[in-house]
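So the sequence lines, in the order shown, correspond to chains A and B. Those letters in the first sequence? Residues 1 to 495, by my numbering. Those letters in the second sequence? Residues 1 to 95, by my numbering.
Just so you know, the hints here were simulated from the structure itself, not pulled from any lab data. Possibly wrong hints are sitting among the right ones.
Okay, derived cross-link-like pairs now, DMTMM-like style, lysine to aspartate or glutamate, Cα gap no bigger than 25 Å in a straight line [claimed, not checked]:
1) B:Lys92 / A:Asp343
2) A:Lys351 / B:Glu95
3) B:Lys18 / A:Glu355
4) A:Lys264 / A:Glu281
5) A:Lys307 / B:Asp29
6) A:Lys351 / B:Glu30
7) A:Lys263 / A:Asp241
8) B:Lys18 / A:Asp423
9) B:Lys18 / A:Asp473
Ranges of calculated distance between the beta carbons of each label pair, as one might list FRET restraints [claimed, not checked]:
10) A:Ser2 / B:Asn71: 49 to 55 Å
11) A:Ala326 / B:Asn71: 44 to 50 Å
12) A:Ala57 / B:Ala89: 47 to 53 Å
Where is the CB? At the ideal position from N, CA and C, for every residue including glycine.
What follows is each chain in one-letter form.
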Amino acid sequence: MSDLNKLGLASARDALRKGETTAVELTQACLTAIDGADALNAFVHKTPEIALERAAAADARLQAGDAPAMCGLPIGIKDLFCTRGVPSQAGSRILQGFLPEYESTVSQNLADAGAVMLGKLNMDEFAMGSSNETSTYGNAISPWRRGNDAAELTPGGSSGGSAAAVAADLCLAATGTDTGGSIRQPAAFTGTVGIKPTYGRCSRWGIVAFASSLDQAGPMTKSVRDAAIMLGAMCGHDPKDSTSADLAVPDFEAMLSGDIKGKKIGIPREYRMDGMPGEIEKLWADGADMLKDAGAEIVDISLPHTKYALPAYYVIAPAEASSNLARYDGVRYGHRATLAHGDGITEMYEKTRAEGFGHEVQRRVMVGTYVLSAGFYDAYYNRARRVRTLIKKDFEDVFATGVDAILTPATPSAAFGLGEMTDADPVQMYLNDVFTVTVNLAGLPGISVPAGLDKQGLPLGLQLIGRPWEEGDLLNTAHALENAAGFVAKPGKWW
Amino acid sequence: MSIDQNTAARVAKLARIKVEQDALPALADEFNTILGFIEQLNEVDVDGVEPMTSVTPQRLKRRVDEVTDGNQQAKILSNAPDAREGFFAVPKVVE
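Chain A with its partners taken away, still in its complex shape (with noise of 0.2 Å):
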């Protein structure tokens, strides 16, 4: 078989199931796919004795009869995981030479299911980004080109480096984490499936923590039937992570019908943004009339807090990261300050932090530190908490009305130029996550879903948010928009 690498899950894993290629196959071609793709600056730490080494104990598996469900699939994980042995720098200068001595949940379930590590994705700087410029590998490049336009253009963030390889066919799917849309954003921009599920769904032991109460990892993949087996192998309870759910996991890909007739969509109109390009709109109504061709019902549905869920993110995420992020303090690991004679431990903090951290991250903490400072907790911390209840409560009263999902556009825009977004505020940039970031307040599971291009030939993605802990019913909703929207768009080879 050839282009062994362009694969999805599904079919690479029915392919070594009858015989017709191994996994040591599989990994090579991915792994010389990797070796000449360094111009889209995605694989930061790559692996290939570790591939190879678990490839073979794949095929080992595969021949005894005794292949679990990712057994000798060759996949991407993103630097924030930690990977025992393998550097795990959350995109950081801070983690410098760190060497995990422990794996994380989420990676070593995979690895139980006999996935093949092929090494490590760039991001944004401990997730803290849209388009993956904060990371201090330097950018990730989008395999995508608006025509014959060479200027780069964003993979998206934080996951950029997951969506670039898996868009490029360096791997046949990757980890993603999703903070306010880390996982959606990226897959959109990218012409690739991404969900994150519902808060709890996968365990966050050993996954660099960037704001607790909203991040989950999460697939990306080249199809909705890649992302339920790939969920499936990453999510279950971890008593190590007290608020990973202790709740049964579900054959999510034994769920895809593609039969949802009778099935609810609501369509919010708070998501109906001044501004929105004009294909943003028609695709969103395309998607709308897919579903209802497809048997569903479409309904007009309101969600009122949607204009505060950002700048409520924009105080909750802060706090958090600037009390996660404390313990980077360079005595324990990573980098530290070169210190000037009589510097004592507060300079060393001081040194090491300025230096570690790039200028979003500094910028993120110290917003985070305001809002928890003493006379400003209870204006900004506890009112942003407050506006996160009555998010949440939207979209009870929703769900309340028997809506089974809900359809939005997943960006605002298709992907946008590296440095484009340099000199506008920072604010501009946090309006990428506006579509995305009220199901990360809410802890609901959204995926998206490659829908079409834009005139400039870029993919464009719609977002589907599901019920709580209803992966399997959202999945089979997105399998069925998938099927109706047939998109086969990949991007040419110029790299």
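Mind docking chain B on chain A? Use the hints.
The following block gives chain B in isolation, referenced to the frame of chain A:
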């Protein structure tokens, strides 16, 4: 609420991040932009609304209070920038 340079310096100090004096005006400006955006939250009527503590209603799991882990001194120190004689080493803290 407007943040001046003194407040920006105080926040940087609280966050234990060294910010040079000449970078403070730009930092204060950025804070003001972000806080201006956050000010929208004041439009929301939150009377009687509880601040969210857990997005998924759940009772935190409990376990028996016993030692389940330990004896990993070498592993714990393996990533330290400076470790000596089984301890993390830091600049002098007490005169």
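For each hint, the structure was consulted:
{"no.": "1", "hint": "B:Lys92 / A:Asp343", "result": "holds, 9 Å"}
{"no.": "2", "hint": "A:Lys351 / B:Glu95", "result": "holds, 21 Å"}
{"no.": "3", "hint": "B:Lys18 / A:Glu355", "result": "holds, 9 Å"}
{"no.": "4", "hint": "A:Lys264 / A:Glu281", "result": "holds, 20 Å"}
{"no.": "5", "hint": "A:Lys307 / B:Asp29", "result": "holds, 24 Å"}
{"no.": "6", "hint": "A:Lys351 / B:Glu30", "result": "holds, 21 Å"}
{"no.": "7", "hint": "A:Lys263 / A:Asp241", "result": "violated, 34 Å"}
{"no.": "8", "hint": "B:Lys18 / A:Asp423", "result": "holds, 24 Å"}
{"no.": "9", "hint": "B:Lys18 / A:Asp473", "result": "violated, 49 Å"}
{"no.": "10", "hint": "A:Ser2 / B:Asn71: 49 to 55 Å", "result": "holds, 52 Å"}
{"no.": "11", "hint": "A:Ala326 / B:Asn71: 44 to 50 Å", "result": "violated, 27 Å"}
{"no.": "12", "hint": "A:Ala57 / B:Ala89: 47 to 53 Å", "result": "violated, 40 Å"}
This entry does not satisfy hints 7, 9, 11 and 12, going by the numbered hints stated previously.
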